Amino acid sequence: MPDCFFLDFSSAFNTILPQRLMSKLEDLGLPLSLCGWILDFLSDRPQRVQLGPYTSSMLKTNTGTPQGCVLSPLLYILYTYDCVAAHPSNRVVKFADDTTVIGLISEREGETDYRDEVERLTEWCRANNLLINTRKTKELVVDFRRQKSNVQPLLIDGVCVERVTTFRFLGIELQEDLSWSVNTRGLVKKAQQRLYFLRILRKNHLPQKLLLAFYHCAIESVLTYGLCVWYGSCTTQDRRGLCRVVKAAESIVGCPLSTLEQIYATRCHRKALDIVKDPSHPGHCLFELLPSGRRYRTMKTRTSRLKNSFFSRAISALNGKPGL
Numbered sequence: 001m002p003d004c005f006f007l008d009f010s011s012a013f014n015t016i017l018p019q020r021l022m023s024k025l026e027d028l029g030l031p032l033s034l035c036g037w038i039l040d041f042l043s044d045r046p047q048r049v050q051l052g053p054y055t056s057s058m059l060k061t062n063t064g065t066p067q068g069c070v071l072s073p074l075l076y077i078l079y080t081y082d083c084v085a086a087h088p089s090n091r092v093v094k095f096a097d098d099t100t101v102i103g104l105i106s107e108r109e110g111e112t113d114y115r116d117e118v119e120r121l122t123e124w125c126r127a128n129n130l131l132i133n134t135r136k137t138k139e140l141v142v143d144f145r146r147q148k149s150n151v152q153p154l155l156i157d158g159v160c161v162e163r164v165t166t167f168r169f170l171g172i173e174l175q176e177d178l179s180w181s182v183n184t185r186g187l188v189k190k191a192q193q194r195l196y197f198l199r200i201l202r203k204n205h206l207p208q209k210l211l212l213a214f215y216h217c218a219i220e221s222v223l224t225y226g227l228c229v230w231y232g233s234c235t236t237q238d239r240r241g242l243c244r245v246v247k248a249a250e251s252i253v254g255c256p257l258s259t260l261e262q263i264y265a266t267r268c269h270r271k272a273l274d275i276v277k278d279p280s281h282p283g284h285c286l287f288e289l290l291p292s293g294r295r296y297r298t299m300k301t302r303t304s305r306l307k308n309s310f311f312s313r314a315i316s317a318l319n320g321k322p323g324l
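UniProt numbering applies: residue 1 is where the sequence shown begins, and numbers increase by one.
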């Protein structure tokens with residue numbers, strides 16, 4: 001049973017300690033001259049606040065990285081490089097300042113490793129001057145069983161972490177049963193709102209080429225965000241809602257548009273090839289060639305959820321099966 005701990009930091013980029021960052025950069029083998037340049041860049045940075053005609057006095061800060069600087073996300077990633085899982089049953093997933101702990105809670109091992117991982121992470125945050133926002137930090141327990149297990153809530157500094165049934169993670173709505181109805185309904189609603197603007201453009205006699213460009217940029221991009229993750233497991237009802245949006249756009253633009261099924265098949269095949277070529281990808285081991293060297297070993301799927309997952313469908317796509 002997976003348990004997801006979504007960590008939220010208070011002003012993560014503003015709490016980086018330059019001296020600690022320097023020691024980590026040196027541990028990573030960066031040249032001392034480059035480390036010194038970065039330290040000078042982050043030290044004694046002048047700041048002031050302007051509100052209307054009023055401007056505050058100048059202050060110098062020696063903490064954090066400049067907001068809006070293209071270098072800041074990279075420095076933060078390097079600052080948190082040593083934030084890794086201590087137990088093999090857990091994973092720490094990081095994307096910029098979004099940090100998530102995914103733990104596998106089994107009946108044999110229990111919650112010990114997962115809770116120890118969370119405790120280690122909170123201690124690491126204290127040591128590195130990163131402030132956890134307990135109000136925005138959430139926990140999501142993925143449990144498919146009818147009789148839900150009683151997992152004790154997590155505590156951070158004596159504050160109980162809120163347990164939720166859905167969570168928006170990197171733009172995709174995750175549900176505790178790994179269904180995608182909430183996610184697809186949100187996408188359909190957002191796309192329908194943008195159909196209004198497409199109709200306005202059509203009424204103003206915009207050329208079809210520009211209507212197509214608007215559709216691809218403002219509507220199709222919304223419907224296909226993270227498509228490989230969720231489309232295969234969508235219900236028939238959810239797919240119909242998505243299809244209606246594409247059909248409506250098709251009638252407005254006045255020419256055939258690619259269906260989500262076609263886009264999904266193409267992206268699955270392309271993503272599968274990328275994973276096969278990348279031995280460092282966590283899912284690379286699932287693409288195992290048969291002795292013939294022409295086909296990949298099909299995944300054994302006992303549930304429709306796994307059968308409709310990306311990896312199962314991607315392997316079928318590489319084998320040329322009509323499973324998509």
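Each hint should be verified, as a subset may be incorrect.
[Unchecked claim] For lysine-lysine, the following DSBU-like pairs were computed, each having C-alpha atoms within a straight-line distance of at most 35 Å: (1) 300 <-> 24; (2) 136 <-> 271; (3) 94 <-> 277; (4) 136 <-> 203; (5) 190 <-> 247; (6) 209 <-> 300; (7) 94 <-> 209; (8) 136 <-> 190; (9) 189 <-> 209; (10) 60 <-> 24; (11) 189 <-> 307; (12) 271 <-> 209; (13) 189 <-> 60; (14) 203 <-> 189; (15) 94 <-> 271; (16) 136 <-> 209; (17) 94 <-> 60; (18) 271 <-> 203; (19) 307 <-> 271.
[Stated by the list, open to error] Between beta-carbon pairs, the in silico distance windows are: (20) 170 <-> 60: 27 to 37 Å; (21) 278 <-> 28: 21 to 31 Å; (22) 212 <-> 166: 26 to 36 Å.
It should be emphasised that the hints constitute simulated quantities derived from the structure, not laboratory data.
This structure is a prediction, so every number in the text was calculated from the model and none was measured.
C-beta: ideal position from N, C-alpha, C; glycine also.
Checked hints:
Restraint check for residue 300 and residue 24: not satisfied, since their Cα atoms lie roughly 43 Å apart, outside the 35 Å limit. The hinted pair formed by residue 136 and residue 271 meets the criterion: a straight-line CA distance of about 33 Å does not exceed 35 Å. Using a Cα cut-off of 35 Å, the hinted pair residue 94 and residue 277 holds, with the two alpha carbons roughly 23 Å apart. This hinted pair does not check out: residue 136 and residue 203 have alpha carbons roughly 44 Å apart, beyond 35 Å.
At roughly 16 Å between alpha-carbon atoms, residue 190 and residue 247 fall within 35 Å of each other, so this suggested pair holds. Taking the CA atoms of residue 209 and residue 300, the gap is near 46 Å; set against the 35 Å cutoff, the hint is violated. Distance check on the hinted pair: residue 94 and residue 209 sit about 39 Å apart at the alpha-carbon level, beyond 35 Å; violated. With a C-alpha separation of about 24 Å, the suggested pairing of residue 136 with residue 190 holds against the 35 Å cut-off.
Note on residue 189 and residue 209: the hinted pairing holds, with a Cα-Cα distance of about 25 Å set against a maximum of 35 Å. Pair hint residue 60 plus residue 24 holds up; C-alpha atoms about 24 Å apart against a cutoff of 35 Å. Pair hint residue 189 plus residue 307 holds up; C-alpha atoms about 28 Å apart against a cutoff of 35 Å. Among the hinted pairs, residue 271 with residue 209 is consistent with the structure: their alpha-carbon atoms are about 29 Å apart, no more than 35 Å.
In summary, the hint linking residue 189 to residue 60 is not supported, as the alpha carbons are separated by about 46 Å, beyond the 35 Å threshold. Proximity of residue 203 to residue 189 is assessed by CA-CA distance (about 22 Å); at most 35 Å being required, the pair is judged to hold. Taken as a hint, the residue 94 and residue 271 pair is honoured in the structure, with Cα atoms around 20 Å apart against an allowance of 35 Å. As the CA atoms of residue 136 and residue 209 are separated by approximately 44 Å, the hinted pair breaks the 35 Å bound.
Of the pairs offered as hints, the one joining residue 94 and residue 60 holds, with about 30 Å between alpha carbons and a cut-off of 35 Å not exceeded. Restraint check for residue 271 and residue 203: not satisfied, since their Cα atoms lie roughly 38 Å apart, outside the 35 Å limit. Only pairs whose Cα atoms come within 35 Å are accepted, and residue 307 paired with residue 271 is accepted, the gap being roughly 17 Å. Between residue 170 and residue 60, the C-beta spacing of about 35 Å keeps the proposed range 27 to 37 Å intact.
With their beta carbons about 22 Å apart, residue 278 and residue 28 fall inside the hinted range of 21 to 31 Å. For the hinted restraint 26 to 36 Å between residue 212 and residue 166, the CB-CB distance of approximately 34 Å keeps it satisfied.
Of the numbered hints listed earlier, those contradicted by the structure are 1, 4, 6, 7, 13, 16, 18.
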